[in-house]
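S.K.: Next come the chains, spelled out residue by residue.
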Amino acid sequence: MEHLPAVLLFVLTPVVLLVCARRSCSARRGSLLRRAAWLPLTVLCVHALSFALVHAVPGGPFDDDRPLAAETRAALEARFGLDRPAFEQWLHAVSGMARAEFGPSLAHRDHSVTEVLVAGAPASLLLGALALAWTLALGIPFGLWAALRRGRSADLTISACIALLLALPTFVLTGLLLIPLVFWWKLLPAAGLDQPSAVLLPSLCLGLPFAAQVARLVRSGVAEALQGEWRRTLVAAGLPERAVAFAALRLSLVSVVAFLGNAAAGVLTGSLVVEQIFAIPGLGAHFVESALNRDFTLALGMVVLYTALAYVLNWAADLMLPVVDPRVELS
Amino acid sequence: MHSLRLPLIALATVLALLLWCFSLTGTAPADLVIGNGPDPRSLDPAQAQSVADARVLASLFEGLVIPDPLSGTPAAAMAQHWTESQDGLRWSFTLRPGLKWSDGRAIDAPDIAWSMLRFLKPATGARMADLLDAVIGAEDCRRGRGPASAVAIEAPDASTLIFRLRERHPCFLKLLAQFPLYPVPRHVYEKHGAAWTSAQHFVSNGPFRLVHWRLRDRIRVERNPHWRDAAQLPLGSIDWRCIDSPATLLNLYVAGALDIAMDVPLSAIPALLASPGSAPGSDLRRHPRLGTFFLRMNVAQPGFAHSAVRRALSLVVDRDLLCSQLLRGGEEPAWSFTPTGMHCGALPYSALRASPLSLDEARAELRIGLQAQGMSTLPAFELLHTTDPLDSSVAEWLQHRYTILGVTCKTVALDAQSLRTRMADGDYAMARSSWMADYDDASNYLECFESSSGANRTGWSHAPYDALLREARSLAGADAERAAKLRAAEALLLHEGPIVPLFHYCSRSLVQPYVRGFEPNPLEWLNPAALRVQR
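Residue numbers (my numbering), protein chains in the order written: chain U, 2 to 332; chain L, 58 to 592.
Treat the hints as calculated values from the structure; they're not laboratory data.
Ideal Cβ positions, reconstructed from N, Cα and C, are used throughout, including at glycine.
It is possible that some hints are incorrect.
[Said to hold, decoys possible] Every beta carbon over 10 Å from chain L, so not counted as near; a handful from chain U, in silico: (1) Asp64; (2) Asp84; (3) Pro105; (4) Ser154; (5) Leu157; (6) Trp186; (7) Leu194; (8) Ala224; (9) Arg232; (10) Ile278; (11) Phe279; (12) Leu293; (13) Asn294.
[Stated by the list, open to error] The calculated label-pair distances, taken between Cβ atoms and stated as ranges, are: (14) U:Ala122 <-> L:Ala357: 20 to 30 Å; (15) L:Gly161 <-> U:Ala122: 27 to 37 Å; (16) U:Glu102 <-> L:Thr465: 44 to 54 Å; (17) L:Arg420 <-> U:Phe88: 28 to 38 Å; (18) U:Ala101 <-> L:Ser510: 54 to 64 Å; (19) U:Leu5 <-> L:Asp482: 34 to 44 Å; (20) U:Ala49 <-> L:Thr465: 24 to 34 Å; (21) U:Asn263 <-> L:Pro86: 46 to 56 Å.
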C-alpha cells in the first residue's frame with residue numbers, strides 16, 4: 002500500500018494519458034495528453050539519476066570536523082533511513098515524492114523538505130516573476146528600438162549594453178547597481194524582504210541578463226523581418242511604418258516566447274548569487290547548499306521541483322507559440 | 058470574449074500569486090536586530106552545531122551555569138549554587154526556586170536529569186555527546202553499551218541535581234555551561250517527539266521565547282515572561298537574521314538595517330580601519346578568538362613520515378608575513394597550536410612558541426628528514442583546501458612559499474564535505490584545518506592529537522605525548538602542574554607533530570554605538586539578556 006500512490010502517478014497515469022492521446026481525434030489535444038504523460042516519467046528519470054549521483058559523491062550528511070561516535074552515526078542513519086539498501090531508499094523516496102513528501106531535511110533538522118520548499122517558494126516566485134517582468138519590459142522595447150535604428154548610434158549603444166550585460170557576472174552587475182541605488186542615493190533597501198520595494202533591485206539584477214538576451218532576439222528578429230519582401234508588401238499596401246514595425250515585432254516574438262520557457266527556469270534556478278547578496282529567503286541557495294551539505298533529501302526535493310517547473314514552463318511556452326504566430330502548429 | 062477567458066484567468070492567477078508573495082514581505086523590526094550567520098542546524102541544543110547556533114540558543118535557553126561574558130568563567134544560571142566534594146568526584150547543584158519553562162510549567166531537577174540522559178542516548182544524535190564522559194556510566198550509555206539508569210546523574214529532590222564522576226575533571230563546570238547541555242522540555246518532547254522544535258510547540262527556559270523562524274531570513278524571539286529575571290530584561294524582542302554572507306551583513310549594517318553584525322568580510326577590514334573616526338569604521342570591534350587555522354599533515358604519505366620534514370614545512374612559513382600582508386584582518390600569527398589567551402583551569406596558559414622562522418634551518422631539517430627516509434627530494438604533494446576565498450588565497454600563498462624549499466605543492470580546492478571525507482579516509486598529504494575551542498582550556502585543544510582522538514586524522518601517534526596528556530588529566534585541581542604537563546605536550550606536538558599552525562582567528566563585528574552590553578569574548582559568546590539599546 003505504501004507504493005500505491007507512486008504506482009498510480011508514475012505508471013498508471015502516463016499509460017492512461019498515452020492511450021487517450023492515441024485515441025484522441027484532435028492533434029492539439031493528443032499533443033497535450035502526450036506532454037502530460039511524459040511529465041511524471043521525466044521527473045522519475047531525473048529523480049533516479051539524481052539519487053544515484055548524490056549517493057555517489059564522497060562524504061555524507063553527518064561528516065563533521067568533529068567525527069561522530071560510531072553509535073551516534075548509526076542511530077542517525079537509522080533515524081533518517083540511510084541504513085537501508087540504496088534501492089530500498091530510492092523506492093521509499095519515490096513513494097514519498099508521489100505524496101509530495103520528501104522526508105526530513107538532513108541539514109535543517111527541524112524542517113521537512115516540503116517545509117523548506119514551501120518556506121522558500123514565495124520569495125523565489127516573487128523574485129522570478131518580477132525578474133521576468135523586467136526581462137520583457139526592458140528586452141522587447143530596447144530590442145525593437147535598436148532594430149528600427151539599425152546601424153545608428155542608438156543601435157550601437159544598445160548592442161554594446163547587451164554585450165556588456167551578457168558578459169558581466171551577476172555579482173559584478175549587482176555591485177554596480179547596489180552601490181549607487183542603495184548607498185549613494187539611498188533609494189532602495191540593501192537587502193532582505195522587509196518592505197515590498199526591497200524586491201525591485203534583486204529582481205532587476207536577476208532579470209537584466211535575460212532582458213539583454215530578449216533584446217538581442219527581438220533586434221535580430223525585427224531587423225530580419227524589416228529587410229524582407231514582406232515589409233515592402235505591407236508598405237505598398239499603405240500600412241504606416243509603426244504598424245509594419247509592430248507586425249515585425251509580433252513575428253520576432255516567436256523566438257522570444259520559445260526563449261521564455263528556458264529563461265523562466267533559469268531565473269528560478271539561477272538566483273543563488275542574487276539571493277545571497279540580497280539575503281532573499283528563497284530556494285536558490287538551498288539548491289546549491291543542499292548538494293554541498295550532502296542533504297540528500299533536500300537536494301532531491303529541489304531537483305524534482307525544478308524539473309517539474311522547467312518542464313511546465315517550457316510546455317507553457319510551447320502552448321503560447323500558436324497564440325503569437327498562428328502558423329505554428331503543435332504536434 | 059470567449060477567447061480571452063483563458064488569458065484572463067491566467068493573469069488573475071499570476072496577480073493573486075504575486076499579491077500572496079508580497080503579503081509575506083514586510084515585517085516590523087524587533088527591538089534589536091543581529092546579523093548572526095547561517096540558519097541554525099536545529100533549535101534542539103543537542104543537534105546544534107556552530108557558534109552562530111549557540112548564540113541563538115543562548116537567547117532561548119540557559120543551563121545550570123552560563124559562561125560569564127567578560128571572564129568566561131561559569132556563573133550561576135538555573136543553579137543557585139553548587140558544591141564540589143573534596144575529591145572532586147561529586148558535584149551537587151541546587152536549583153533556583155520558581156524556575157519555569159516558557160509555557161509556565163515548573164522546572165525541577167528530575168526534568169534536567171532526564172534532559173541530560175536524553176542528550177547521552179545515541180538516538181538523540183548529539184554531536185558532542187562525549188561532553189559528559191566524565192560522569193559514571195555516561196560513556197557506556199552514549200555508546201549504547203549501558204542503560205541510562207546506570208548514569209550517575211541523580212535528582213534526589215525537586216531542587217537538587219547530583220553528578221558523580223568516575224575521575225576528577227579539571228573543567229567539569231565549564232562543560233556544564235556548554236550549549237548542547239541546555240535542558241529540553243520533557244513534557245513537550247514526550248508529546249511531540251522530534252517535532253518539539255517547531256515554532257508552534259517550542260518551549261524553552263531562557264530569557265526569550267521563540268516567535269517564528271523563517272528559513273534564510275530570521276528567527277524572532279520575544280521576552281519570556283516566565284524567565285527568572287524577566288522584569289529586568291531590557292529588550293522586548295530580538296531578530297536573529299540568518300545571513301551567511303559577511304558582505305551582505307556589512308551592506309545591511311551600513312544601510313542601518315542591523316544593530317549588530319557578527320561578521321565582517323576580511324576584504325573590508327582595511328577600509329574600515331582607514332576611517333576609525335567615522336561609522337562604520339568606528340563601530341568595528343576586533344578581539345582575539347580561541348580558534349586556530351592550521352595545516353594537517355598525513356604521516357602515512359611518502360616523505361611525511363619523518364618529523365624533520367614536517368618541521369621544515371612548518372619552519373618555512375612566515376606567519377608574520379601571512380598575517381600582515383595577506384590576511385590583514387587582525388589575525389595573530391600562530392607560533393603555537395593553542396591560541397593566546399587560553400586558560401588551564403583558572404590559570405592563564407602560555408604555550409611554548411614554535412621555533413621562529415629560519416630558512417637555513419628549514420632546508421637543513423628537510424635534508425635530514427629526506428635522507429633518513431632514503432629520499433633526495435620530497436615528492437610533489439597536494440594541499441587540500443576548501444573553496445572559501447580565504448582558504449584559496451592562503452593555499453596559493455603557501456604554494457609559493459614552499460617553492461623556497463624546492464618543494465612542489467599543488468593546491469586542490471574541494472567542498473568542505475569532500476575535504477572532510479578525504480581527511481577521514483587518510484587520502485591526503487596536507488590539508489587546511491581549523492579548531493575552535495569548545496571551552497577555554499588548553500586540554501580542549503591538545504587532546505585532539507591524542508592517538509585515540511577521532512579529531513586527529515593525521516595518523517600521528519606518539520606515546521610520550523599521550524602519556525603527558527594522561528598525566529595532565531590526573532592532575533585535575535592542580536592547575537599549575539597540569540599547565541606544565543600540557544605545555545610539555547604542546548612542545549612535543551610542535552616539534553614532532555603533524556601540524557603547521559598558521560594563525561589564530563580574530564572576531565570581527567560591527568556594533569552600533571547605541572547598543573550596550575556587547576562584551577568582546579574569546580569564545581564569541583553573547584549574553585542576549587545583557588544586551589540593551591540606548592538611542
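S.K.: Regarding the assertion that Trp186 (chain U) does not contact chain L, is the least Cβ-Cβ distance greater than 10 Å?
M.R.: Trp186 (chain U) is indeed farther than 10 Å from all Cβ atoms of chain L, at 12 Å.
S.K.: Okay, Arg420 (chain L) versus Phe88 (chain U) on CB: inside 28 to 38 Å?
M.R.: 57 Å, violated
S.K.: 27 to 37 Å was suggested as the range; check whether the CB atoms of Gly161 (chain L) and Ala122 (chain U) agree with it.
M.R.: 36 Å, holds
S.K.: Closest CB-CB distance from Pro105 (chain U) to chain L, is it above 10 Å?
M.R.: Pro105 (chain U) is in fact no farther than 10 Å from some Cβ atom of chain L, at 8 Å.
S.K.: Taking the shortest Cβ-to-Cβ distance between Asn294 (chain U) and chain L, state whether it exceeds 10 Å.
M.R.: 7 Å, violated
S.K.: Checking a non-interface call: every C-beta of chain L should be farther than 10 Å from the C-beta of Phe279 (chain U). Is that right?
M.R.: Label violated. Min Cβ-Cβ 7 Å, cutoff 10 Å.
S.K.: A range of 34 to 44 Å was offered for this pair. Does it hold for the Cβ distance of Leu5 (chain U) and Asp482 (chain L)?
M.R.: For Asp482 (chain L) against Leu5 (chain U), whose Cβ atoms are near 41 Å apart, the range 34 to 44 Å holds.
S.K.: Is it the case that Ala224 (chain U) keeps its Cβ farther than 10 Å from each residue Cβ in chain L?
M.R.: About 29 Å separates Ala224 (chain U) from the closest Cβ of chain L, which puts it past 10 Å; holds.
S.K.: Taking the minimum C-beta separation from Ser154 (chain U) to chain L, is that value above 10 Å?
M.R.: Check passes; 36 Å lies beyond 10 Å.
S.K.: In terms of Cβ atoms, is chain L entirely out of 10 Å range of Ile278 (chain U)?
M.R.: 6 Å, violated
S.K.: Taking 46 to 56 Å as the stated bounds, is the beta-carbon spacing between Asn263 (chain U) and Pro86 (chain L) within them?
M.R.: Given range 46 to 56 Å: violated, Cβ gap about 39 Å.
S.K.: Would you say Leu293 (chain U) is clear of chain L, with no C-beta pair closer than or equal to 10 Å?
M.R.: 5 Å, violated
Going down the numbered hints, you'll see the structure goes against 1, 3, 7, 10, 11, 12, 13, 14, 17, 18, 20 and 21, while the others check out.
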